[in-house]
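Trainee: Listed here are the chains, written in short residue letters.
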Amino acid sequence: MTAPARQLDSAAPETTVLVVPGMHCASCMAKVERGLGAVPGVSAARVNLTARQVRVEHEAGVTMPQLVDALGNIGFASQPRGEELDAPASAVKPLLAPLAVAAFACMNVMLLSVSIWSGAEGATRDLFHWLSAAMGVPAILYAGRPFFTSAWSALSRRTTNMDVPISIGVTLATGLSLWETVHHGEEAWFDGTLMLLLFLLAGRALDAGMRDRARAGVDALLRQAAPGAMVVTPGGGLDWLPALDLVPGMTMRLAAGERLAADGEIVTGESRFDQSLLTGESAPVLARVGDAVLAGTLNLENPVDVRVTAAGQGTTLAEIARLMDASGQVRSAYVRIADRASRLYAPAVHTLAALTFAGWMIAGAGLHQSLVYAIAVLIITCPCALGLAVPVAQVVACGALMKRGIMVKDGSALERMATIDRVLLDKTGTLTLGRPLPDGAVLDALPDDAAAVALGLASHSRHPLSRALAEALAGRGVKPALLTQVQEEAGQGVRALWNERSVALRRPDAASGIATALDIAGEPAWLIPFADRLRPGADAALARLGGLGVQPAILSGDNAAAVAEVARSTGLEAQGEASPQDKQQAIARLQAAGHKVLMAGDGLNDGPALAAADASIAPGTASDVGRQAADLVFLGDGLDAIPRAISAARRTMKVVRENFVMAIGYNLLAVPLAMAGHVTPLIAAVAMSTSSLVVIANSLRLVGAAR
Amino acid sequence: MNGLAILIPVALGLGGLGLVAFFWALKRGQFEDLDGAAARILIDDEEEPRA
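As you go down the protein sequences, you meet chains A and B in turn.
Residues 2 to 708 (the numbering used here) are what the first sequence spells out, left to right.
Residues 3 to 53 (the numbering used here) are what the second sequence spells out, left to right.
Since the hints were derived computationally from the structure, they do not count as laboratory data.
Output of the computed footprint for chain B on chain A, the stretches with three or more beta carbons under 8 Å from beta carbons of chain B: (1) 24-30; (2) 45-55; (3) 103-117.
Computed spacing ranges between beta-carbons, pair by pair: (4) 39(B) / 570(A): 43 to 53 Å; (5) 25(B) / 16(A): 18 to 28 Å; (6) 70(A) / 32(B): 29 to 39 Å; (7) 39(B) / 18(A): 11 to 21 Å; (8) 183(A) / 25(B): 26 to 36 Å; (9) 185(A) / 12(B): 25 to 35 Å; (10) 65(A) / 12(B): 50 to 60 Å; (11) 5(B) / 655(A): 51 to 61 Å; (12) 366(A) / 32(B): 50 to 60 Å; (13) 39(B) / 125(A): 38 to 48 Å; (14) 290(A) / 39(B): 50 to 60 Å; (15) 5(B) / 666(A): 36 to 46 Å; (16) 701(A) / 25(B): 26 to 36 Å.
C-beta: ideal position from N, C-alpha, C; glycine also.
Bound conformation, chain A alone (with noise of 0.2 Å):
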């Protein structure tokens, strides 16, 4: 595929690894490649589409903006990989290996057992006990060690997990078995061990694949919004810094419609900041030199000068980062259901398998024949099915949600998540978009020929009005005029010709609030109201949640009148003008009164209730910390994911406890047979691989969990 790219490596080649989030296809993959393949002096280009990652070999001549260059040509936006985002460990990959090895000691020993269960007798079944032990024992102790050391860990600290039956079953059957073939027994449980293993290890392996693929979706999107700031240096030139290398005294060059990497103060300029993200406060506030301004806002008009005044560890976002340590005992105390279910399960197999071996003592059946009995009980009752119950659900319905566009991030987040009650919905970004769109009135009452123009003009501006009035306009299938002489003027507007009149996109005379005024020349001016609108469906999403018994409201930061705008058109009960503290104080008040808090935000102002919440879902468009904080986050503009998400996983976790009752239901049927000493290996493998895939069945019902 890259052939006519290779060429002779005869120059130092250097490796450089991009982020490019936007590849999400085979042929996003191909132009990637050839794209960066045609750069002289690149030698190789690899994708790796699950990472968003191209990985490419090149001359030491060759540099980063020059291959960031040729991919914003071929229309992706790339960054260079930030080293805290180094590839993230994979869960899976430490389970690989003991799961193929499981998956061909299991095979082979099953096929001798099958010779033996045939009728294989005398010296032939020792040959074949000896040849499953040779197998079988290795194998048992290097695929079981997942297990083994998380029994361990969970043991000194003198609590249990699932992971001490299992243990302790593996630990007994083996050494029986083992004393079974010394002795030329009968019976050897190889087989039944090593299929457990197998299940179980596939189970823990869906669970970690899980994780990984969600935390793939996120990672990609936090590399998306890797901050940084242009830099005067004291040449007068310009220098991209990224953030964490930014130290006070510096100054930095901030464009219209850029957000601040750093706090500082304003040097030189004047503009309008929107400080929604790390406030709630949807009115953009004006700055003028000398007043401070604060990481992470939106520089809505003017490009500005702004000498850094602190960076990293000392701004307002590091402060918010402090609050949220300090909130998620919620989420650390939650149990998962799993653990759970083997706290009360373990004591009662092993009770269970305890009067197995005193009973049959009792009645005179001789230690040995009393041991057997007893492992056969801890056997059968392994919770093999009940190892897959959980995994095999959530990671359907995650799949199911992901296709949806909503990623979630961990098992445990879809359980937390079927126990809400209460939304707490953030109003700027969450419960509406997050960025002002031009009023859908005025645009209709414009004539032909003016949207025409105020599409050309605005096409000419990167202004953030400019660029969502362009973006509306052309939504409406406008088409643009033809304009000539076109300037931009930073914070007065865009001016040019039209059909030898003069026309311009201007800043209003006087308006309140956010708007833009449309100019032609010998007709009245237009005013263009912009105000930040509800997400598509949000009313829909609404009456859904109520629907489903969820009680949603408004926690805002934004000013009261605003929020009150927001609460009569919806009709949520609104508190507005919380800060950080307040939304986690709110959150706080309903899980003491009993409830179960779902947080939506998108903030940096709600990192710290998203963390304390019972779970939390964030969308896309939010900040790095809102997506970090939040279980779930999704992608869209739709609010409707909020009560998919939330009926997905009450699906999920009904299917779950369906996998219980199945699971337990045959152990019902098996114990019984085992304490009577009635069950053979034969018997407890076709019992184990039965209530497998019947759990793994009812599992895939969830396959349209997200409707």
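Since chain A is already given, all that's left is putting chain B on it; use the hints.
Mentor: Chain B alone, transformed into the frame defined by chain A:
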């Protein structure tokens, strides 16, 4: 019985070969990019001028 003496080592050897092949693939990074591998088959090899 004599047949078994040959067949069992052969069966185990073949299975072991599969296991070794899997470990080799794991080490070589064949499982690093499953999504990419799935998509890569759709890429056309010819350099089309207007692709």
